[in-house]
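Protein chains in written order, with the numbering used here: chain A, 193 to 655; chain B, 193 to 655.
Hint data in this document are derived by calculation from the structure and do not stem from the laboratory.
All values reported here derive from a predicted model rather than from experimental measurement.
Errors might be hidden in some of the hints.
Identical copies go unnamed one by one, so any copy, or any two together, can satisfy a pair.
To be verified - DSBU-like, lysine-lysine: derived pairs with alpha carbons at most 30 Å apart:
| no. | residue 1 | residue 2 |
| --- | --- | --- |
| 1 | Lys518 | Lys563 |
| 2 | Lys291 | Lys432 |
| 3 | Lys291 | Lys253 |
| 4 | Lys443 | Lys331 |
| 5 | Lys253 | Lys563 |
| 6 | Lys291 | Lys620 |
| 7 | Lys620 | Lys253 |
| 8 | Lys443 | Lys253 |
| 9 | Lys518 | Lys291 |
| 10 | Lys432 | Lys253 |
| 11 | Lys620 | Lys518 |
| 12 | Lys432 | Lys518 |
| 13 | Lys331 | Lys387 |
| 14 | Lys563 | Lys620 |
| 15 | Lys387 | Lys620 |
| 16 | Lys620 | Lys443 |
Now for the letters of each chain:
Protein chains: 2
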Amino acid sequence: MIRKKAPVIPADETTIRGFSEAFFESVLDAIEHSPTDLDGLLGNLHEADIADIIERLPRDKRQIVLGHIPFERMGDVIAELEEGVREHVLQLLNPADLKGALEELESDDAADVARSIDEMIPEHEEGEGEDYLADYQHKRLLHYDEDTAGGLMQLEVLTAPPTQTVGETLEFIRKNEAEMPVKPGTIFVVTPQRKLLGTVSISRIVRVPFEAKLQDVMRPDPLFALPEQPHTEIVSIFEKYDIHNLAVVNKRGQLLGRITIDDILDVVLEDTARQQARAVGLNEAEDLFAPVLTTARQRLPWLGINLLTAVAASAVIALFEDSIAKLTTLAVLMPIVASMGGNATTQTQTVIIRALALGQITRQNAVELLKKEFLSGGYVGTLLALLMALGCWLLYGQPMLALVIAVATVANHLFAALGGYFVPMMLKRAGYDPAISTGVLTTTITDVGGFFVFLGLATLLLL
Amino acid sequence: MIRKKAPVIPADETTIRGFSEAFFESVLDAIEHSPTDLDGLLGNLHEADIADIIERLPRDKRQIVLGHIPFERMGDVIAELEEGVREHVLQLLNPADLKGALEELESDDAADVARSIDEMIPEHEEGEGEDYLADYQHKRLLHYDEDTAGGLMQLEVLTAPPTQTVGETLEFIRKNEAEMPVKPGTIFVVTPQRKLLGTVSISRIVRVPFEAKLQDVMRPDPLFALPEQPHTEIVSIFEKYDIHNLAVVNKRGQLLGRITIDDILDVVLEDTARQQARAVGLNEAEDLFAPVLTTARQRLPWLGINLLTAVAASAVIALFEDSIAKLTTLAVLMPIVASMGGNATTQTQTVIIRALALGQITRQNAVELLKKEFLSGGYVGTLLALLMALGCWLLYGQPMLALVIAVATVANHLFAALGGYFVPMMLKRAGYDPAISTGVLTTTITDVGGFFVFLGLATLLLL
C-alpha cells in the first residue's frame, strides 16, 4: 500500500456505501434504546442508504430516524425515497425544515420533491409544492409534466461559446470550480442567445489539442429533446445512442437544460415498477407499511372491475344452466377451456405490447404479424385440443364430448390470438397505455368466448 | 449561425440518428426495386438505427440489407440487435465475415455477440463462439456467466499510478489519444500490480490543480464488484449511488475491467423485457417474425403446465358433481369466487415480488408485512363478499346461498393473501426467480381453494 500524505485537495466524498442486515438491526436497537447512537450510525452512511433504512422501517419508527439526519443531508435523503414512503416522510417534517432541505438540492431533485408535496395536498390547493422552492428557476421546472423531458431536466449545465478554445474552456472550468455542476459531463456550445450549436463531452475535451476551437471539435448536430416529449421517447434515445447527457431546447433551439443518464436509469427502474403495479391496480410505489385501510382502499377498485368481468362470464354460464343440469360434466370441463384461452392470450398480448412499446409494428408488418399470431394460436390450440379430446375420451368414453371440447379449445385459442393482438393495438391507438389495461379486457374476451363456445357447442351437439 | 472553418480535428461522429416511417418505407422500396440505393440510405444512419430497421423487416428481406452494411460497421449493428433477431442474422453471415466484424468491437460487445453464437450452436460443440474472437483477452470474458459482473465488464480501462500528477495524467491522455477507450469516464488509480487504490472521474480531474497527485484527489475507497456478483446487484449499485463507472476486481483487489452505465441501462431494459416474457413462458426477446412453428413450439410448454393446473381445478369441481346436478346455480357462481381470489393474489404477489427484488423484506419486518397483507385481504374480501351476497340474494332470493358465497369469498381472499405472500418468499428461498414462477402456483392455489371452499360449503349448508 502507498502511504498517503495529507491531501492537497479534499478527496471525493468518502461516505460508506451499503449496509448489512446486522447494521440495520443495530439501527433498530438504537431507535428503541439509545436514539443518540443514530448520529454515529447514520453519519457515515450515503444518503441513498439512509433512505433505504427508512423504507424498511415500520411507520412509527421513521420519525425518530428523521430527527437524527443533519439538515444539509435531509434533501438528498428525501430525493432518494420511493414515492409512497416519501409522502409519509414529507408529512412528518415541518414546512420550514422541508423548505431548507430543498435549497440544498440540484434543480431536478428539488422540483421532484416539490411535485411529491403537490400530490399530498388536496386538489384545490394545487401549486403548494411551488411554495417550498426558494429559487425562481426551480419553480419553473414544476410547470412541466413529470413524465416529459421537461420533468426530467436539470438546469445546471456547462455552456461555452463556439469560438472559445479547448484550453480556455478547461481553464474556465478550473477557475470556476465552485459553480460547476457536480457532474458536468458535457459542454453545451451555444450562441450568446443560448441557441444550441453543438456538444463536446468532457471525455473528448481532454483528448483534443488545446488550441482547437470548440466549434471545430464539437458534435455539430447534437441530439436534443423538446420539453414536451414523453419520457419514454427520451429513454429510447439514451438507450439507442449510448449518450450520457441530452440537451433540452425550446422551439427556437435555445438550451433550457439537460437530462443525465443517471436520472434515466432511475426513471426506467421506476417506470417498470409503476407499470407492473398499475397493471394489477396498485399505486405505483406502495409503501410496504401503509396502514391496512389505505392499502385495502387502493386495491379495491381494480378488484371491483374484475368482479364485473367475472360476472359477465357467469352470465354466459347462466344462459346454459339447463344444459349443465342435463350434463354436469360440462361444469367440470368449462373452466379448463376458459383458462387455456386466458393463458394463450397473455402470451400474445405480451409480445404485442412490447413490440408497440419499441415501435416495431409498422403499417407494412402489422398484417404479417397478425397472420403469424393467428396461425401460431391455431397450431398451439390444435395440439392442446387433441390432448384434451384424448383425455376426455379416455375418462368419459364420450366421443362427441371429446369433439366438443376439441373444437371449443381451437376456437378459443383463435379468439385468444385475436384478442391479444387487437386489444393492445386499439388501446394504444385510443391513447391508453396498453401495458396497463390490456389484461382485464383480454381475460373477459377469453372467459366469455370460452364459456360460450364450449357450452353452446355442447348444447347443440350433445343435448 | 456561425460559419465553420475547416476543422482542425475531425468532429465527433456525425451520423444521422433516428428515422421516420417514410424512410423505412423507402428502405422497403429499395429492397424490392433497387438494392444499390441501400448504400446511400444506410450510409449516414447510426448503427442502432440500422439494427432497428433489420428488426422491423420480415425475415426474408434481412439478407439483402445485410449485404449493404460496410464490413467495419457490421459488428456494431449486430451488437445492437435484440437477441432473437440477432440469432437469425448470425445464421445469415458467413463465419469469416463475422470474425472480422467482431474484431472491430470493444471487448464487452465482442464477448456478447460470441455468446449469442454459442447459444445457436448445439450443446456438444459449446465454446464455438470463442473461435470467433481474435483477441485472447476477449476470449477470457466468455468464461464469465452472462448475468454476472464479469459478463457485463469491458476490458478497456484507463489506469494511472497514484503518484502521477493531474497534469501528467491529462498529458498522457492527450498523447495516447488513439489508444484511449471511447469513453474513458473514470481514471482507475492502481499499483504496478494493478491493485485498485482509488478512482478519479474525468469530470473531477478537469477541476483539480495540475500539480496535485492522483492519490490526493482520488476517491480512496472506491466501490467495486467481484466478477461473480449477479448483475441485479450491480444495477442496484449504479441506481443507488449515481455512478457512471464501476471497477471489477478479483479477490486480491486487482483491477480486471469496468462496467459502464450505458451498458447498465441496456441491461435493465433487457432484463425487464426478459422477466415479462419469461413470466408468461416466452423466450426473452422473441423475433417478431420467427416462423410460426418456432413460435408455437416455444409457447407450448408453459401452456401445457397451465393446462395441468386447470385440470387440478377441474378435479375439485368433479368432486362436487352431484351437488352441481342438484343446484346448477353453483356452476354459474363458482368461477366468480375463483376469479376474485386470483386477482387479489396477483396484487399481493406483485407487492411481495418487488419488495424481495429491492431487498426490503428483513427478518424484522416480515411478520409485520404478513399481518398487513392478511388483514388487508380480509378487509377487501369482506367488502366484496357483502356485495356478492347482496347480489345473490336479490337475484336468487336464497339467503343461505348468499351466506355461502360470502363466506367462500372471504376465505378465498385470505388464501389469496397467504399464497401471494408465501409463494414468492419460498421460491426466492429455494433459489428460483419469484417474478417468473409465482403466477402459475398462486393461480392454482386460488382456483383449487376457491372451488373447494365454495362447493364444499354449498354441499354442507345447502344440500
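Each hint tested on the structure:
1. Lys518 / Lys563: Neither: 40 Å inside a chain and 46 Å across chains, both beyond 30 Å.
2. Lys291 / Lys432: between (38 Å within a copy, 24 Å between copies)
3. Lys291 / Lys253: within (23 Å within a copy, 60 Å between copies)
4. Lys443 / Lys331: within (21 Å within a copy, 49 Å between copies)
5. Lys253 / Lys563: Only across copies: Lys253 and Lys563 sit 18 Å apart there, 57 Å inside one copy, limit 30 Å.
6. Lys291 / Lys620: Intra 40 Å, inter 42 Å, cutoff 30 Å: neither.
7. Lys620 / Lys253: So Lys620 and Lys253 pass the 30 Å test across copies only (28 Å; inside, 44 Å).
8. Lys443 / Lys253: neither (49 Å within a copy, 39 Å between copies)
9. Lys518 / Lys291: Close neither inside one copy (73 Å) nor across copies (69 Å); limit 30 Å.
10. Lys432 / Lys253: between (44 Å within a copy, 23 Å between copies)
11. Lys620 / Lys518: neither (44 Å within a copy, 47 Å between copies)
12. Lys432 / Lys518: Neither. Shortest intra-copy (61 Å) and inter-copy (63 Å) distances fail the 30 Å Cα cut-off.
13. Lys331 / Lys387: within (23 Å within a copy, 47 Å between copies)
14. Lys563 / Lys620: Classified as within; 20 Å inside a copy, 39 Å across copies.
15. Lys387 / Lys620: neither (35 Å within a copy, 53 Å between copies)
16. Lys620 / Lys443: Classified as within: same-chain Cα gap 27 Å, cross-chain 50 Å, threshold 30 Å.
Violation of the numbered hints given earlier is confined to hints 1, 6, 8, 9, 11, 12 and 15; the remaining hints are satisfied by the structure.
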